[in-house]
Each structure stands twice: as C-alpha cells, then as structure tokens.
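**Q** Chain by chain, the residues run as shown.
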Amino acid sequence: MAGIATERTFEATAPPSGSTVRSSTGRRVRRAVRRHGKEYLLFVALVGPNLALILVFSYWPVIYNLYLSFTSWDMISPNPTWVGLAEYRELFTSADFGHVLANTGKFVVLIVVGSIVGGLATALILNQRLVGRGIVRTVSFAPHIVSGAAIATLWLFILDPSFGLLRAVLDPLGISSPQWTTNSQLSLYALVMVYVWKGIGFCAIIYVAGMQNLPADLFEAARLDGAGGWQRFRYVTFPLLSPVTYFLVVTSIIGAFQAYDVTAIMTGGGPGLSSTTLSWFIYQKAFQASDAGLAAAAAMVMLIMILAITILMTKYAERKVTYQ
Amino acid sequence: MYALLVVIAAVFIMPLYWLFSSAVKPSGEIYRFPLEWIPHHLHWSNFINAWHDAPFGSFFVNSIIVTVIGTAIKMVLATGSAYAFTFLPFPFKRVIFLLLLGALMTPGTITLLTNYLTASDLGWVDTYAGLIVPGAGSAFGMFLLRQQMMTLPREVFEAARVDGAGHLRILLRLAVPMSRPMMITVTLISVIEVWNDFIWPLIITTTTQMRTLPVGLLYLKSQEGYNDWGAIMAGTVMVAAPMIIVFLLAQRYIVAGFSGGAVKG
Chain S
41 MAGIATERTF EATAPPSGST VRSSTGRRVR RAVRRHGKEY LLFVALVGPN LALILVFSYW
101 PVIYNLYLSF TSWDMISPNP TWVGLAEYRE LFTSADFGHV LANTGKFVVL IVVGSIVGGL
161 ATALILNQRL VGRGIVRTVS FAPHIVSGAA IATLWLFILD PSFGLLRAVL DPLGISSPQW
221 TTNSQLSLYA LVMVYVWKGI GFCAIIYVAG MQNLPADLFE AARLDGAGGW QRFRYVTFPL
281 LSPVTYFLVV TSIIGAFQAY DVTAIMTGGG PGLSSTTLSW FIYQKAFQAS DAGLAAAAAM
341 VMLIMILAIT ILMTKYAERK VTYQ
Chain C
2 MYALLVVIAA VFIMPLYWLF SSAVKPSGEI YRFPLEWIPH HLHWSNFINA WHDAPFGSFF
62 VNSIIVTVIG TAIKMVLATG SAYAFTFLPF PFKRVIFLLL LGALMTPGTI TLLTNYLTAS
122 DLGWVDTYAG LIVPGAGSAF GMFLLRQQMM TLPREVFEAA RVDGAGHLRI LLRLAVPMSR
182 PMMITVTLIS VIEVWNDFIW PLIITTTTQM RTLPVGLLYL KSQEGYNDWG AIMAGTVMVA
242 APMIIVFLLA QRYIVAGFSG GAVKG
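Chains as they are written, first to last, in my numbering: chain S, 41 to 364; chain C, 2 to 266.
So here's chain C without its partners, still in its complex pose (with noise of 0.2 angstroms):
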C-alpha cells in the first residue's frame, strides 16, 4: 500500500517540482543531462527574465482586477439570487430558478463565438468590460448558495421580521454572515475559475497591454524554436504560484466546493 501511496505521490510531485524548481535554476543547469535535481543557489534571473520578454507587470495588474471585480459581480449576483429565491415570493419562481440552473449545460465551445459577436457588437473587445461581464453571470454558485440559505433556520429569520427588519438588511445581517463557509467556497472557486481562463482572454483580448497571465505565457514561447525554459517556467510559475497558495490555505472550502455539487446531487 505504501509503494502505491509513494507512485502516486511521485506521479503528482515531480512535475510541480520540477516547475518550481526550474524557474530558480540558471540556464547552465537546465541545459544538462543528467539532469541537476537540485538547483545549487536560488537564481532569480528567470524571473527578471521573463518579465523583460514580455509585460508581466501589466499582465499581473490585469489578472487581478478582472479576478477581483469579476468575483465581485458574481458574489453580489449569487448571493442576492440565492437570498431571492430562498425567501421572497415570485410568480414562477422555479420555472425562474430551473432556467438559471440551465445555463449550466450550454457548452463554453458554443458560447465562444457567439458571445465574442455580441461583445464586439457592444464595443467591448479589448475592454475589461469584455474580460469580466460575460461570465459574471451566476449559476452554480447562486445554486450552491441557495443550497445552503434553505438549511438556515426559519424562526431566526421570522424573528428579525417581526422586529421590523427588511428584507436587505436580514440579507446583509443574517443571511451572508450564516452562510460565510459556503460564502468562502463559491468565492474561492470564483478566483481560481476566472484567474485560470486562457481562451476567454485570448479572443477578447487584443493588445498586449490588455492580456491576462495565462495569455501572457504565450509571449514566452519563441518564434525561432528556441526556448528558454527557465524564464518559461518562471512565468508558469506566475500563474500558477497564486493559486496553489490560496489551495493550501482554504483546502478544505475548496474541495467542499468542487465536491459538494457531486455528492449532494
């Protein structure tokens, strides 16, 4: 059992090793074989390097605020359509509420196109508008909210109305601060699914200046055939570093999040 644990765990690690670990080494240890495992000193010229082939600083500045105000968007969008249609009357609400759920299953292939025509339509190629609004519409998230809200208990809530509360205000008071785990959890999942899009970004996108990190690491790869794989991987490293690190601290929202859809039904 433990010869298999340590496959499996080998399988995954050495090739985050190897990124990690390549975007320190100096360009005479990564063209050598056998190869140097270990890097002899930390060497940061990969990164210099790579931020000097391409903009890197406004790719980064450009990753956060579309992660950031796209997040935003679709929290103030999921938890309000969550609080909806867990306590307020509405004609047809679960015709309303089983449409949104639907979205789910038109493929991002199909929407790629079409939806690139209606930005362009509206002036919006090559604007963070474009980078941000077309996904900050919510689904899954509003669905995993609402979720949770039907689990909190009614009388808390029947009992701020009788006080005189309103609606926004038990929505703001009760509501967001009784759901904050699953709060943290369609967040999270928010960040890592907008800071990840690559072909989104690449069509929108036009200008250098305008694109994303993961776009960004196309500006790495030479025209000529030859690659220098350190500043290569000290770029990959930039856009994967952020958010292995907002893993390992909120493992357990994350997972919940990617699992709780599946298990739950």
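Here chain S stands alone, though its shape is the one from the complex (with noise of 0.2 angstroms):
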C-alpha cells in the first residue's frame, strides 16, 4: 500500500516519461541478469525442458481442442473445415447424446458414493486395533496399483456367467449370475462395480491417514459426555475428516468423469449405448468413428462441467468443510 501511495505522490508532483521508467527497470533487470546470470541460466536448463514438455502435451491440446471443436474434420483430408458451433448442435440434439449423458451421470454418482462410503467403512475397520489389519490395509489398495487393463480382463471372468467366481458366490445362495456385460440393464452397473473395487482402498488409505491426525483428546472429551460410538463418528469423526471427505470427493469425481480404460475391455460401452459414457464417447467418435470436431465438442462439454463441478464444490467447501 505504501509503495503504490508514494508512486503516486511521485506521479503527480513529477509525472516521469516512458522512457525513463523503462531504462530504471532495463537497468534493475541489467543488474539482475549480471548477478545472477549463470543461476538463470541453469534455471533455464533445468526446468525449460520440462516447462516445454508441459506446455506442448498438457496445454497446447485443450488450445487445439477448442479450435477442432469448430470444425468438422476426417482426420483423413489435409485441413479441418470450419463449421461454427454446428458440432455441439448436432451433439445437443441427438438423443444419443442425451443417453450419454445421463449415463455418466449415473456413472459417476454410483462410482463416487461407492467408493467413498466403502472407503471410509473400510477405513473405520482398519484404524481399530485388530490383527491382521496390515494384510487388509494391503490387499484392498493393491487394485489401484494394478493396470485397469488388468483388472477389467479379471473381472471379466470372475463375472463370467458359467466359469466365474461371482457365479460360485451366488449359486449357494439360490441366485444364478447374470449376463453382466451383455445385459444393457445391467452392464453399466458392472463397470460401477468394478471401479469402485478398484477404487476403496485408495479412499481407505486415505481416510486412514486422515483419521491418524485427528486429535485423540476431543474423542476422550466425548466419550466422557457419554457418546456412544456412533455419536463420536456422526458428531466428531466425520465431521473432522471433511477436508479429507471433500478432497476425495473432488478427485473421484474428477477421476470417474475420465476412466474408460475398464470400459474399453469389458464392454466396449455396450451393448448399445447402455454403458457409453462421456470419455468412452470421446475415444469412440475419435478414434473409431474418425469424428474429431464431434468429439473435440463432446471434450468442452467434459471440461467445462469438470471446471463447473470443482467451482461449485469449491464454493461449497468453504461454508461446510471444517478445518481444524
């Protein structure tokens, strides 16, 4: 506040022309570059590198995508036709894309609750004090160090009507296993599972590390006012971990907005359109039906409702999230 209020008392008793502020910053600029000259340019070498990459693969493709989104484009003929917004109009009057939409609604609601509710039980079961709880804590984050690919090619068999393990479990119980991936009443909700598998025990973990820092003697205090267990989850535990709560929420959201990979192998986003969702949308109007302008414009409507989620979440958080 002082430096800008002394400028301007300086501005207005002797108003400097351009070309002195110029040559009294060329100069500070001069100074700085002659005292730390081999340190910006090591600088230079050591990040310019990576900063080139980033910009190139990270931010040259959202410029890029923009412009395609206005075009109409083969990928076969030499050069994009500029079409205007007719590609998002196509998008938003065909009912297909309707269906996507509401497909990865579903999708990402369900992958989302799934994971989160089942890491944060799993994370309740882990921070007790119970043997073998270092296996489990193993066992249930292992899948999300393992490739998708992976993962859905297992899936795949355990949920295969005849040979599968699912079909082992249910047997007993009377309930014979269905055409998971072959139903479209059913295959979206097969990816769902299998995602949120894949993703309990990143949640867990991290709930875990959460619950770690929380401080023990407010638990005492309550336990002292005569809180069951219950109560100390719904008054203090959760209620503490809601920085943890909301950063999970974000990055699954987030997360599940962008997975196909499972998608890719186990149905293909079939039978129809049953299980599409809106990446697996964009990779197939990309890459099988050679649709660049659509798929650049199905990419924006991803993007701006991913910025859109985060803001409002964002806004969110900072009335409801509780930090210690």
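Rather than coming from a laboratory, the hints here were simulated on the basis of the structure. The beta-carbon is built from N, C-alpha and C at its ideal position, and this holds for glycine as well. A couple of the hints might just be wrong.
[Stated by the list, open to error] Here are the simulated EDC-like cross-link-like pairs (lysine to aspartate or glutamate), alpha carbons at most 16 angstroms apart as the crow flies:
1. C/K222 / S/D200
2. C/K222 / C/D54
3. C/K94 / S/E79
[What the hints assert, rightly or not] Covered stretches of chain C (chain S as the covering partner; in silico rule of three or more C-beta atoms under 8 angstroms from a C-beta of chain S):
4. 19 to 25
5. 77 to 90
Assembly of the complex is requested from the two constituent chains, each provided in isolation within its own frame, with the hints serving as guidance.
**A** Structure follows, in structure tokens:
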C-alpha cells in the first residue's frame, strides 16, 4: 500500500516520461541478470525442458481441442473445415448424447458414493487395533496400483455367467449369475462395481491417514460426555474428516469422468449405448468414427462440466468443510 | 469387528486369489462346476499358451523400455525442476511454478485426441518416442520433490556454497541423497503409472510388435466368443504381478506418495 501511495505522489509531482521508467526497470533487470546470470541460465536449463513438454502436451491440447470443436474433420482430408457451433448443435440435438450424459451422471455419482462410503467404512475398521489389519490394508490397496486393463480382464472372467467366481458365490444362495456385460440393464453397473472395487482401497488409505491426524483428546472428551460409538463418529470423526472427504469427492469425480480403461475392455460401451459414458463417447468419436470435430466438442463439454463442478464444490466447501 | 474385517479381506483377496490360481489351473479345472478352489498341481501351460497366442516377449520388452526410459526422463526433469524452484532465483518463478502445477488440472480425455495429432505430425506414431515423450513432463512428482527439498536444512547448502561447490554438484551430492525417500516415492509412482497405462499405448502404436503388456491383453480375447480363460489369466498375471511385487516390496513409499499430496494439501 505504502509503495503505491508514494508512486502516486511521485507521479503527481513529477510525471516521469515513459523512457525513464523503461530505462530504470531495464537497468534493474540488467543488474539482476549480471548478478544472477549463471543461475538464471541454470534455471532455464533445468526447468525449460519440463515446461516445454507440459506446454506442448498439456496446455496446447486444450487450445487445439477448442479450435477443433468448431470444425468438421475426418482426420484424413488435409485440413479441418470451420463449421462454427455446428458440432455442438449436433451433440445437443442428438438423443444419443442425452443418453450418454444420463449414463455419465449415474456412473459418476455411483462410483464416487460407492468408493467413498466403502473407503470410509474400510478405514474405520482398519483404524481399530485388530490383528491382520496390515494384510487387509495391503490387499485393499493392491487393485489401485494394478493396470485397469488387467483389473477389467480379471473381472470379465469373474463375471462370466458359467465359469466365473461370482457364480460360485451366488449359486449357494440360489441366485444365478447374470449376463453382466451383455445385458443392457446391467452393463453400466458392472463397470461401476469394478471401478468401486478398484477405488475403495485408495479412499481407505487417505481416510486412515486423516484419522491418524485427528486430536485424541476430542474423542476422550466425547467419551466422557457419554457419546456412544455412532455419536462419536457422527459428531466428531466425520465432521473433522470433512477436508479429507472433500478432497476425495473432488478427485473421485474428476477420475470417474475420465475413466474408460475398464469400459474399453469389459463392454466397449455396449450393448448399444448402455454403458457408454462421456469419456468413452469421446474416445469412440475420435478413434473409431474418425469424427475429430464432434469428439473435440464433446471433450469441451466435459472440460466445462469438470470445471463447473470443481468451482461449485470449492464454493460449497468454503461454507461446509471444517478445518481444524 | 473381526467379522467385518474378514468380509473386507474376502472382497479383495478372493478376486486376486482367483486371478493367480486360475493362471496355474489346467483347463479341465477351469471349466468345471462346482469350482475347483485349489489347483491340484501347478500347471504352467497357460503361460506357454498365452506366449503362443500373442508375442508376449516383445510386449514385455516394450513395457520395460517404456517404463524405464520414461521414468528416467521424468525423474531427471522432476528433480531438476524441483531444485531450480527451491534454490535458484528467476523472474516470475512462482508464476512458472503454478503454470507447471496447473497441468494437473487438464483432463487426460481432452489431451488424448490432440496429443495423438501432435505426435502424428512429429512422425511419432508407432515409435518409442511416441510412447514415451508425451507423458514425460513432470508436475506432480516435481511438486512432491520441491515440498521435500524446501524442508532440507539451508545451512548445509550455504556451507557447501562457501566451500565453492557449484549448483550442479550440490544438486547431485546433497539435494538428491538428502531427498532419498521422496525420490523413491516419485520414481515408484511414475513406474506404476507408465507400466499400467492402456489407452495412450493403444492409440499411439499400430503394429503388434510395438504394443505394451496392458494392450497385449486384447490379443488374448478371442473373436469367436470362446475364451481360453487360463491363458487370459496368465497374461493378466504378467501385467499385474510386477506391480504387485513392487508394491509389496515398497508399500511404505508408494502409500506415502499417494496420500502425501492429499493430507498435506
């Protein structure tokens, strides 16, 4: 504040010409370069290549994608044709895209709720001093570090109606194992089940780390006040964990929006469109239908949805999340 | 409580057990109901069949090349950038740092098509460069390493400078060894990411001999609807087992990496 004020007075008394300002900053820059020249060079050498890769392969794609979304292009003809908003109009007037968005909504909500509730429950058990919890922690986290392609292939076999593991589990209960991946009523839920299975261990580990940071005296106080296990969870543990929950909700939403490796192997989005979510729709339009414009427009829709959700969540978190 | 612990254990152990046991079952035991829970004897022919159905040898070699070189490049970039942001002056350093971190916000679904087009303009389709370079930039690893380097005692570094040591020497002899646990964490996270990647290698490679292991699994699924599950599970074991072994050996470092970013902010 003080700096701005003095500058204003300075301007008022003796307005400097543009050239003197430039030469004084120029001098300062020159002096800094002379003093730190070698260090600046080293900085450029160390950060430059990394920054270049990030600019070319993380930022340029967003700009390029925005441009492509206003074009029509089959990726064979030499150049995209500018069509304005036509691709967006095509998306929002097609019944297919509505179906895909509805699938995406169900898919994201179920995966986020499933893996966070499952992860929290697992964490509450793992946080007890039980024999064997180390092993359970390890096996529940293992699916998170195995390739989605491998997990999907394994589950394709588990869900096989004739020879799969699930038949062995359901048979004694008198239930026959359904055609998970080829039934349009079930295919989306089969994918959700696998993603939740893969995601629970990650959520559990993050929750356990959060629980170990909670102040023990609060639980002691609650216990002395006669709060039971459920009340301690409801009024102490869960509110104190809200930053962790918030982090997991945001990362799981973004992750679920982009998930398609399991889809690619288990259902290919089918039967029909029954298990096609937005990310798989984009993949298909780009690499199976060679419709770059439509794929780019759908990708922009996804980017906007992710940004909007992140901003809304942040606004909500500012009011609701309890930080210690 | 123990009942719940057992239920949770079963939900995760049974599928994994099923994967490994099916890979060593003879097909007679796979296509039998009620199920054979325990293979009568270890039976390695599924691995041989998988190896015959698709060139798993070259998938393996490709996965190792891409993982080792990709991780090496990423580590050099991540360590160098982290050191520069911690110990070197530069105009607008903070802006550049945030620009790098912002890359974590760009969804992979959006970069997929356009990065394919960029790689294809560069002539990188079906090459190791195409498999490795687009994913080699480091934002998350750089962030974790910088957080670590900021906690290192400044006096040690100042003493080294007074003794006349240059920045590169300090980086290699002090900053890297003193950040060893975080170096291991960032390396392992990169190894897991690159090894497991499926969609990018699927689109950027076009010939069978350039495929990586996860993509190679597609070659085992038959077109006619008959699945040789024994061979498929053997192939899946080849994809999953190396990462499970890495995880069992270095669980502490891996969990620290995944939860570190979350809990500390």
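**Q** Confirm or reject each hint.
**A** Right, here's what the structure says about each hint:
1. A threshold of 16 angstroms between alpha carbons decides the hint, and for C/K222 with S/D200 the separation of about 13 angstroms falls inside it, so the pair holds.
2. The hinted pair formed by C/K222 and C/D54 meets the criterion: a straight-line CA distance of about 10 angstroms does not exceed 16 angstroms.
3. Proximity of C/K94 to S/E79 is assessed by CA-CA distance (about 13 angstroms); at most 16 angstroms being required, the pair is judged to hold.
4. Given a C-beta distance limit of less than 8 angstroms, the hint that chain S covers the region 19 to 25 of chain C holds, as 3 residues qualify and 3 suffice.
5. Only when three residues or more bring their CB closer than 8 angstroms to a CB of chain S does the claim for the region 77 to 90 of chain C stand; here the count is 9, and the claim holds.
Of the hints listed earlier, there is not a single one the structure fails to meet.
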